[in-house]
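*Asks:* Each chain is listed here by its residues.
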Amino acid sequence: MFRPWSHIQWLGMGAGLLALILLPSFVENDEIRKWMDILMVAILATSWNFIGGLTGYPSFAPAAFFGLGAYTTAILMNAGFNFFITLGIGACLGALVALALGVPILRLRGHYFAIATFGVAEFFREVADNLRITGGGDGINLPQITGGPDYFTRFFYFSMLGVAVLAVLTQYFVTRHRLGYGLVAIRENEDAAAMTGVDTTKYKIIAFVLSSIFPAMGGGVYAYRAAFLEPIDVFDVLFSIKAIVMSMLGGVGTVMGPLVGALMMEYLSDYLWGAFTEFHSAFLGIIIVLVVLFLPRGLMAVSQEVKSRGWGSLGVILKSNIQRFKV
Amino acid sequence: MVYGQILINSILLGGIYACIAVGFSLVWGVMNILNILHGTFLMLGGYVTFWMFKLYGVDPFLSLPLSAVSMFFAGYAVQRGLINKIVRAPMFMSLILTFGLQLLIVRLAIYFFTGDFRSVQPSYAGFSIPFMGLSIPFVRISIFVLGVLLTSILFWFMGRTRTGRAIRATRMDLDSAQLMGVDIGRIYAITYGIGAAAAATSGSLVSVGFAISPVSDVEFLSKSFIICTIGGLGNITGALAGGLILGLAENFGALYLGPGLQNAIGYVLLILVLFIKPSGLLGRKGFE
Amino acid sequence: MSETLLEGRGVTKRFGGLTAVSAVDFTVQKGEILGVIGPNGAGKTTLLNCITGLDPANEGEILFRGERIETMKPHTITRKGVARTFQIVQPFAGLAVRENVVMGALFGSQKSKKEVKRAQELADEMLAFVGLSDKSAQLASQLTLAERKRLEFAKSLATEPEVLLLDEVNAGLNTMEIENAISLIHKVREQGVTILVIEHLMKVITDLSDRVIVLHHGEKIAEGLPREVTSDEQVIKAYLGEKYVAMMKKLDEES
Ligand SMILES: Nc1ncnc2c1ncn2[C@@H]1O[C@H](COP(=O)(O)OP(=O)(O)OP(=O)(O)O)[C@@H](O)[C@H]1O
Ligand SMILES: [Mg+2]
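As they're listed, the protein sequences go chains S, B and A.
For the first sequence, my numbering gives the first residue as 613, with consecutive numbering after it.
For the second sequence, my numbering gives the first residue as 2, with consecutive numbering after it.
For the third sequence, my numbering gives the first residue as 1183, with consecutive numbering after it.
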């Protein structure tokens, strides 16, 4: 299942990280911003993997915690708090809310769980729309960051990168230890997991908490960068959808899958139809349909099969993917 | 007096809510698909009625069959061509697939129809019927009656006709139904088509009494979630009760908490019900 | 006197109007093999579900080494040393055979192997014990039924139980496979594990068990040595129906 990374794999990851750290020294601000977006969805996808990919609970809550973190940063920074402290508080708040909600919600299975998490995100949005402290539907302004565009583009980029690294490392260590095995056992067969001694309730809650901490932090960075928040922007179900689809595109349940998925999706979509910004969601829709039909187990799985059977068999592999689940 | 009027409004709203949710409940109950496209079919049905009225002056209640039939075929095609390919995959896949289609269709709808809110305004739109000192809007009572009527017809169909029984049989056990020679692919497509037609019908009704835009689909979808969760899956009393409870909660909630929180109340109700009794207040699983 | 390991007092489980297990008392002595028999729907599996906490009893007490466990959660009970197999096998279908067993080793007992590596070692031992070593890299879903039943065995043994509850490990197997399974059960007992075994086949239960209890319509109708129980009139009635018993009686009288 999860083998510890080999030295070569660690080297590869290190090289990738180094490239990301050096990136801002070589490219324009526009390009940096694009990579910041990639990192943001990578955070969402990696986080979703804890609850959705490893544990098998299809959560639509990422948007809820993303928005929660965003508003936490907005409100606290307006009250004079340091940005990084607001990120920490946002993470704690996200964890606490996940803990409180997880207890009732994680008793549900399947569609009921999906609906409940969706309901939570929508409920948060309605609340943010109506509270005075969030500025209601009019939105809320944040303090403007000082310094020139070169400075603040890099500031936000590195903040986002920091959160992403945290998320990925957490995921790596979870999957290589007892916790990760327990989560996968729950995904594969919850009753059997309980009978082999897994404390299913506790483990599910841990997974849900882990899956909400990093989106909350990412939301905080997003808020400071945007300098203005509206409920409809940050509690957008599309954040949840993207997290899910990118995990699927790469391959759920693995550390690399969500990263690969996020990279492919954001970079390629920008490259291929960056000009048609208006139709982004339509293209996203088309990608979703194609991924579900042809890559239900993700790119990683397909690339492994191609590796063992050669490129010539790509057509056969895709065809067998679409045959797999039909009536 | 205020209460009486709110009560009447709630009941009228509850009737149309039941009608909105019933197709969703059918598709979920029979095929275990959480159909994100439900709101989209509803929206498209509403536009059929809107354009028939706007372009050709067809009375909204007369264009109902057209809206239903066209969306039946659209739904049939979607299930046959796409969803059937992944029926045996984890249930989550069909949810995501319909989500992808929803994004695509809604985007196209915005392109072709613009994002404006539209409403069908027939000449009798303003009429209301005085009743014991209260006033009952004519349009609302009509769509209430039609909504409840059509919902009942659907349940009659499911319970009493051959196709209806075949649909219920496939729900029980996919494999043995297939072994017995039932063409599952076709039955599923018909079921999905019926779900889409039911959605479109309620969309047509909604376009008269309320207003629609390409993005209102999500609102109706959420209502369907909530109603099915409250009422439980697949029984007429459940759908009606769910609709009624939601209608009452929204109207009285708006009265006491302010209209801004009207939608939030639905979600609170949703989460409460899931917490107390996951199979719905009147819940039985499946579609009987 | 032998030591009582597992004990039930008045265990009762209702599903709506149906009483699936009705005031059943039982004891399992350390080191023995206790057989539980009864016709279809007698409540055997339900009793197991009560013991393991998967479907807690409505009434009664269940004691493991003198400690009340009837309100504990399944994973706690497992960790105390009560393991089971499922009548309908419940593998982690998408995982490799070895990983299935690793789960048991990782989580199964108080003195659990907290490290994945140690758990894998134990898992390999268990796979060798049940004779599945050569399949350890295969997906659990690719095994034959007999192999899956052995996998269930390995998985529950990996939790290092003191008492093992076996639910119809022989159902659906052919004669050869049944013999293998029986010798496996004996091997497990030699390791010092106490066993409660549910069985349909009379022959298997008489060969295997030291003592037998019989359930019928949720009630315990007989208890004793295998020989005594299988010749008990009530038990034969429960198994074969009244008519058969009447017929036998008539034959007896005639001869
Ligand atoms: N979850 C449940 N809900 C309702 N009834 C149940 C449930 N589980 C079992 N029953 C009923 O309880 C009775 C006892 O079932 P149980 O499975 O314990 O029998 P069994 O002795 O294991 O039979 P078999 O030999 O067929 O395995 C049966 O009538 C069964 O239908
Ligand atoms: Mg049984």
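In short, the hints are calculated from the structure, not lab data.
Note that CB positions come from ideal geometry on N, CA and C, so glycine has one too.
Just so you know, not all the hints are guaranteed correct.
To be verified - Pulled a few chain B residues facing chain S out of the computed Cβ check, cut under 8 Å:
(1) G116
(2) V183
(3) A265
(4) F276
(5) K278
*Asks:* Would you mind marking each hint as holding or not holding in the structure?
*Replies:* Here's how the hints hold up against the structure:
no. : hint : in the structure
1   : G116 : violated, 11 Å
2   : V183 : violated, 10 Å
3   : A265 : holds, 4 Å
4   : F276 : holds, 4 Å
5   : K278 : violated, 11 Å
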